[in-house]
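Q: This is what each chain is made of:
Number of protein chains: 4
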Amino acid sequence: MAGNSIGQLFKVTTFGESHGPAIGGIVDGCPPGMALTADDLQLDLDRRKPGTSRYTTQRREEDSVKILSGVFDGQTTGASIGLLIENTDQRSQDYANIATQFRPGHADYTYWHKFGIRDYRGGGRSSARETAVRVAAGAIAKKYLAEHCGIEIRGYLQQLGPIKAEQLDWSQVEQNAFFFPDATKLEALDDYMRQLKKDGDSVGARVNVVATGMPVGLGEPVFDRLDADIAHAMMSINAVKAVEIGDGFAVVEQRGSTGRDELTPQGFTANHAGGTLGGISSGQDILVSMALKPTSSISIPGKTINTAGEVVDVVTKGRHDPCVGIRAVPVAEAMLAIVLLDHLLRHRAQNAGVQVGTPDIAALARQQ
Amino acid sequence: MAGNSIGQLFKVTTFGESHGPAIGGIVDGCPPGMALTADDLQLDLDRRKPGTSRYTTQRREEDSVKILSGVFDGQTTGASIGLLIENTDQRSQDYANIATQFRPGHADYTYWHKFGIRDYRGGGRSSARETAVRVAAGAIAKKYLAEHCGIEIRGYLQQLGPIKAEQLDWSQVEQNAFFFPDATKLEALDDYMRQLKKDGDSVGARVNVVATGMPVGLGEPVFDRLDADIAHAMMSINAVKAVEIGDGFAVVEQRGSTGRDELTPQGFTANHAGGTLGGISSGQDILVSMALKPTSSISIPGKTINTAGEVVDVVTKGRHDPCVGIRAVPVAEAMLAIVLLDHLLRHRAQNAGVQVGTPDIAALARQQ
Amino acid sequence: MAGNSIGQLFKVTTFGESHGPAIGGIVDGCPPGMALTADDLQLDLDRRKPGTSRYTTQRREEDSVKILSGVFDGQTTGASIGLLIENTDQRSQDYANIATQFRPGHADYTYWHKFGIRDYRGGGRSSARETAVRVAAGAIAKKYLAEHCGIEIRGYLQQLGPIKAEQLDWSQVEQNAFFFPDATKLEALDDYMRQLKKDGDSVGARVNVVATGMPVGLGEPVFDRLDADIAHAMMSINAVKAVEIGDGFAVVEQRGSTGRDELTPQGFTANHAGGTLGGISSGQDILVSMALKPTSSISIPGKTINTAGEVVDVVTKGRHDPCVGIRAVPVAEAMLAIVLLDHLLRHRAQNAGVQVGTPDIAALARQQ
Amino acid sequence: MAGNSIGQLFKVTTFGESHGPAIGGIVDGCPPGMALTADDLQLDLDRRKPGTSRYTTQRREEDSVKILSGVFDGQTTGASIGLLIENTDQRSQDYANIATQFRPGHADYTYWHKFGIRDYRGGGRSSARETAVRVAAGAIAKKYLAEHCGIEIRGYLQQLGPIKAEQLDWSQVEQNAFFFPDATKLEALDDYMRQLKKDGDSVGARVNVVATGMPVGLGEPVFDRLDADIAHAMMSINAVKAVEIGDGFAVVEQRGSTGRDELTPQGFTANHAGGTLGGISSGQDILVSMALKPTSSISIPGKTINTAGEVVDVVTKGRHDPCVGIRAVPVAEAMLAIVLLDHLLRHRAQNAGVQVGTPDIAALARQQ
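Chains as they are written, first to last, in the working numbering: chain S, 1 to 368; chain B, 1 to 368; chain H, 1 to 368; chain U, 1 to 368.
This is chain S alone, in the form it adopts within the complex (with noise of 0.2 Å):
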């Protein structure tokens, strides 16, 4: 049924196959009176598309994204915005040998069976293509969010199999490949990922994404809480396994004593809570944490099925990329300003009347 919508009043829908003629997508609900230009999107799609280093998928597709309405004399109309991205570089004839068989860790067993019916080129809509999309739609929301509201959404990569970022320095994450915080860490991520391209292998990856400027009082209760849209979000990312917000799963261990934050005239103390409470912001940075499994397209040989239920050997020969992870950063960031934008308006739209008195420590909260 349909499944290809997010968001409530900043509303999401896409369409497309990894090797169909274009995937693309309408933003509906984006506000009225918002510069903005393809350019916008592009930005954002470039930092996404593979072929940025070598080591993700070496595929060139231009992701050269186009705005077809919603946008006049560089505008926003509040009109729904019709977005298209043409596929160039498809490759259909590598996975003729897949039409058949399921390969493990993929969603070929699963469509079928569901649908009676499968696109097998290139994963066709289970394909991580999909997300640059999400990644256009996604820079709408980080505009009107940044301009209008002076939120910023940033993501990076917190860890790559065995290998940590010990200190999360924002400026290093726009320099490399990686997205990745730690610039002590470059060389023994680079000596990784050649190995694990040698080995056919691939692996998986935590990505930490966060917003900060936040105001108080995005989420409603009870279902439709920040948080638990957050999660929703993120786990509808290909290959997110799980989702943490704030300290995680380090609160199974924690002390109520300590977990809490206590709260002062100067702002919050501490923000395990990771920016939210009782679902609801809290003014303090949101930040999420994630992980990605490895891709299952690798050049190792799997033991699966075909259709007609035999034993076969799998072995993914499309180009693909060792970490999915990667450049599933601007993915999460995309995903985060969605969800951000509609629980925004969603806000505006119950409680434009009200107004509370002293202390707005969600200010101080802020600078801390």
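No lab work stands behind these hints, which were simulated from the structure alone. Among the hints, a few may not be true.
[Unchecked claim] With a straight-line cut-off of 20 Å between C-alpha atoms, the simulated SDA-like cross-links for lysine to any residue are:
{"#": "1", "chain 1": "H", "residue 1": "K197", "chain 2": "U", "residue 2": "R255"}
{"#": "2", "chain 1": "U", "residue 1": "K303", "chain 2": "U", "residue 2": "G200"}
{"#": "3", "chain 1": "S", "residue 1": "K303", "chain 2": "B", "residue 2": "A270"}
{"#": "4", "chain 1": "U", "residue 1": "K303", "chain 2": "H", "residue 2": "P265"}
{"#": "5", "chain 1": "H", "residue 1": "K303", "chain 2": "H", "residue 2": "D199"}
{"#": "6", "chain 1": "B", "residue 1": "K66", "chain 2": "H", "residue 2": "K66"}
{"#": "7", "chain 1": "S", "residue 1": "K66", "chain 2": "U", "residue 2": "K66"}
{"#": "8", "chain 1": "S", "residue 1": "K66", "chain 2": "U", "residue 2": "A22"}
{"#": "9", "chain 1": "B", "residue 1": "K197", "chain 2": "S", "residue 2": "E253"}
{"#": "10", "chain 1": "H", "residue 1": "K303", "chain 2": "U", "residue 2": "R255"}
{"#": "11", "chain 1": "U", "residue 1": "K164", "chain 2": "U", "residue 2": "Q195"}
{"#": "12", "chain 1": "B", "residue 1": "K317", "chain 2": "B", "residue 2": "G200"}
{"#": "13", "chain 1": "B", "residue 1": "K317", "chain 2": "S", "residue 2": "R255"}
Dock chains B, H and U against the given chain S, drawing on the hints supplied.
A: Below, chains B, H and U without anything else, positioned relative to chain S:
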């Protein structure tokens, strides 16, 4: 904005504050023709009920649920089902002193900021009491899944503070007040909880939920994936800060060659994925794990501010669980049931006519 | 499937059968900070109540509504509002004889076919009793619109069978049991109804609803137009078979040169459009008209079949309105209020920052 | 806010302005396994196309639709279907003079007020050009309904200005440029339209749509009734001001003893209800009628104001239909198809297991 509903075809909407006259909800979309009585719901409500052990809150709420509609001659009719649970043991005076204080770690501050008004009695809408309605609604979903689809949902406490279950003995889970599957640790748990209570402190927990007897095909590309909707549902439970599907964060250090679940004519060789591939159920067990933070309602004084911005000490005097994770077990089961039934109906809508060929390894997979 | 909700930001979900223990609903998304008591709802419920005149059904239902949540210290809190109306006067035995018969013109046949089971007591979920909850929920919307937005919603009976109002005297509407705005026709109405009752027959009606004090801008292109959502809401009322906005069917023979409402600095010169242009409110009054069919519950025997397919005569013995259109007036007002508040919140979400230049002829238009 | 989607399980989302590079949409939820090519859609697009007769607008738009996704090897895959129609004949200069004027009867004034910005070229998003995407999406629904469910949807022009069809000869409808079912009136229609054009004026119309081969059971109590959703869909079409189901406004003067459709073992004796009872399809034909206002784009000068609030004369110089009702016929068919398929999927979701006894008079009813 309207955030008190979950599900699209099997939709649950709830209302009610901890200290109002009643809490309740509406279950919309339950298939007709299922036998249903209030007793079917009461069973799970009693499992969640406070006061069932000396380690959960000592409030004596009857949690007696009434079915007000949607059932005729003992069968569901397809009409919306009204649920009502009266609040019988409210001691609002316990909370009078915190009317103007923001308890750290609670939703007091964010509700006040968001809405400009706050029902401070027992946390109002943000109270965990609200989860009783989830359990009642989830019991309807569980019953349908069990009786009409062969899907069983069970949960347990995997870890409480530092104490981890090292064996999963399902026969133990309902035999102790902790939903704990490892009988060898019960004494240690008892000692730990006694000390925790003496300290006036609280602790976090890890809860696991499992669905067995799964069909292949539940979940919708690309945003409404089964695992994404599970993550949303779990993260919407009070105090949950992290969710994993299958191997979860362990995938970060995993290699593709080990992490992919291979297929054989006899079924999958492993279940690293936790029962979903590409967001669609694979027929394997659904494996979900989540972290719940320690309750912030403890008797150790904490620093906070009041609505005038002044520094105050807050001590929560009400009756509270030292570990909210324990009672979260039936809540997590309920949420998983709601998500699975919703997706089962969604799948059925679009794919009624789908007939796929061999192999149906789903049945095989179930036997593992 | 889940169809018991209406609205997106101001969302109303209802439950309850005519002869169950209670009917009720949940109002989700009401802005916080509005003064609200059960008395505010009771007023409209009493206007709809059966037994208020000798021409409406003689059941003695108290229709006494309780607010179970969402209000604290006399003010809405932004939490979902639980509403409960107990059924006090059920004579289920009246309906025993029709348990296996499909009353012509009723939903008996379609419910039985759709769900395979039917609560035949008083029509169950298809009973007009369900509209009491709409009226209660709508009263909340009406109050917000009136007190916070200056929008007033009023309805009247424009025609009952052959008797048409020829003047619209608002001061009359609440002075008679018919909501009829033309005092010169009251005696004729009285005579007509007496005869109808004697005949054991029923008749149709036309109900009009008007919203004044409208702002410009409510309604969303292209599917969620204000007029489209109004048509949906009105057609969802039992027995409604037609809806018009503005001139309605009169436009068929109209020319463009006369039908277009010209604009002047003093406002529009006419309101053929009924208050919307392109599906968006123009600031003029919203004019809605609808037709309600005669109730099929009459004492004149009718032919039908039973569940065994046999021909039977059916006589409806319960207490029924000879003209359901009369009591539909407050229901239609409620539905218009729900739609308008929903759209007002939607407009506010996206366009909070919109500031347009002169002329604001909306204010002028209102003064016409 | 996001208002460019319709449907829940079969969901259509659209974008595009009259004078942008393209219009398009996404069809989400189409069942897999249906044969589909662009030609299937083109057929209906050509029926709607401007310039097919000398009485519809003379723009030469190719309206050539491309399917960008969701179809593989000639069959739908269950993935979302991207649709694209490029705009090839835009003469934006025609509209330059109305950039600052509010054309009476158009959405200029309300869009400007709502969004603070307006794409004035050809009405932008409010242009009837948008309905081309509805027709393309509706053609998918029509095909599924026809081939998989035996439901046929057909429309015709019942009245144009003063000229009414007095016979319904389906074989005529596709034989003339008016979709008119009464060959005896064609000459009169011709004359009338010629004079209208000479006058530079426009006129309203009544369009009827019929669905045959209906199953019993489509529609959901209580708000998502089939007739309510039909009313919504029809009223969302540009220029529609009124909608009737079955007898429509004629019920106002009807008596219950005549208006109720009696049941016999051979089927219903009449279809006053227009195919729904209690908002659920009865198996009888769905009968819908609607009124379309005359287009306000005429060459007779009209009074209006400009954005500076000054009085101006406006003459619409673009190429426009003297009767938009004619081209609305395929649009109305498309909307009915979308609603019916959506409800068919919804019904299937919840009632897959429903088995009811005799009599199945649905089949009989169809034969009438």
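Q: All hints, please: hold or fail.
A: Hint-by-hint comparison with the structure:
1. H:K197 <-> U:R255: Cα-Cα ~12 Å, so holds.
2. U:K303 <-> U:G200: holds (16 Å)
3. S:K303 <-> B:A270: Satisfied, since the Cα-Cα distance of roughly 12 Å is no more than 20 Å.
4. U:K303 <-> H:P265: holds (11 Å)
5. H:K303 <-> H:D199: holds (18 Å)
6. B:K66 <-> H:K66: Holds, because 16 Å separates the two Cα atoms, which is no more than 20 Å.
7. S:K66 <-> U:K66: Cα-Cα ~16 Å, so holds.
8. S:K66 <-> U:A22: holds (11 Å)
9. B:K197 <-> S:E253: holds (16 Å)
10. H:K303 <-> U:R255: holds (16 Å)
11. U:K164 <-> U:Q195: Status holds; Cα separation ~17 Å.
12. B:K317 <-> B:G200: holds (10 Å)
13. B:K317 <-> S:R255: holds (18 Å)
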